[in-house]
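Student: Listed below are the residues making up each chain.
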Amino acid sequence: AQKITQTQPGMFVQEKEAVTLDCTYDTSDQSYGLFWYKQPSSGEMIFLIYQGSYDEQNATEGRYSLNFQKARKSANLVISASQLGDSAMYFCAMRVFGNEKLTFGTGTRLTIIP
Amino acid sequence: DSGVTQTPKHLITATGQRVTLRCSPRSGDLSVYWYQQSLDQGLQFLIQYYNGEERAKGNILERFSAQQFPDLHSELNLSSLELGDSALYFCASSVSVSNYGYTFGSGTRLTVV
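Keeping their order, the protein sequence lines are chains A and B. Heads up, the first sequence is in my numbering, so the first residue is 287 and it goes up one at a time. Heads up, the second sequence is in my numbering, so the first residue is 9 and it goes up one at a time.
Bound conformation, chain A alone (with noise of 0.2 Å):
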C-alpha cells in the first residue's frame, strides 16, 4: 500500500518569498510518479507539476519545481517568488505504475502574507 505524508497542516509565508512544502512518502514498488495539486477556496483541483520515480532531474513548471529525493522518499514542492494567488490548499499524490489510484496527503494550506 502506498502512503503520503504531509507534516505541515498550515503555513503562512510573505509574498514574493519562496516557500517548501514537505511531502514524504511509502511504497515498496520502484516504478511511481508523484504529484502535488493545488485547491483554491473555490474547491477544484489544479495539476501542478508531476515526478517519475525514474526521472534523473527534479521537474520544474514556471514558478515551481520538486525537490525529489529518492532515498529519502521526499518530493517536496518549491514555489519561489510566492503570490497572494498561491494561497490555497496543497495535496502530494502518487500513484503506482499499474494502478491508476492516485493516493492523496491530507494537505497543507498555504496562506501567503502581503
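Simulated from the structure, these hints should not be mistaken for lab results. Any given hint could be a false lead.
Facing chain A, a subset of chain B residues (Cβ under 8 Å, in silico) [said to hold, decoys possible]:
(1) 10
(2) 51
(3) 66
(4) 77
(5) 96
Ideal Cβ placement from N, Cα and C applies to all residues, glycine included.
Given the coordinates of chain A, work out where chain B should sit on it, guided by the hints.
Tutor: This is chain B only, laid out in the frame that chain A set:
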C-alpha cells in the same frame, strides 16, 4: 475551465434519500475517476471506469454505485444517504493510464441534512 464538467455544483438532501452526480469527461478522455473529499477522511478514491467498464475500485460503500455510458459520461449514485456522506465529490478524467495525473472537475458539494 478544465474541460471536465460536473453537475450539479451543490446538492442539499435529506438522510435516507438517493442522489445522482453526473460527470462529463474532457473530450477524448476514456477514463473517469470518482473521488470523495471529506474533512475527516481527506481525498479518497472511490472508483474508476475506462471506456464503459469498471477498471478499479477503492473505498466505495455498497450504498454507492457508478456507471459510465457509451458517450463516456459517468454517473455516481448515492443511496440511503447518511450525514457522514456530506462531502465534495470529484470526478476526474484522463486519456488512459497517464503519467501526468488527471484533469479534475470542479466537484459537487453534497450536504446531507
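Student: Now, for every hint given, state plainly whether the structure supports it.
Tutor: Tested hints:
At a threshold of 8 Å, the smallest CB-CB gap from residue 10 (chain B) to chain A is about 7 Å, leaving the interface hint in force. The interface hint given for residue 51 (chain B) holds, since its Cβ lies 4 Å from the closest Cβ of chain A, which is under the 8 Å cut-off. Satisfaction of the interface hint for residue 66 (chain B) is found here, the shortest Cβ-Cβ separation to chain A being roughly 6 Å, below the 8 Å cut-off. Checking residue 77 (chain B) against chain A: minimum C-beta separation of about 20 Å lies over 8 Å; hint violated.
The restraint placing residue 96 (chain B) at the interface with chain A holds, with a minimum CB-CB distance near 6 Å, inside the 8 Å limit.
Going down the numbered hints, you'll see the structure goes against just number 4.
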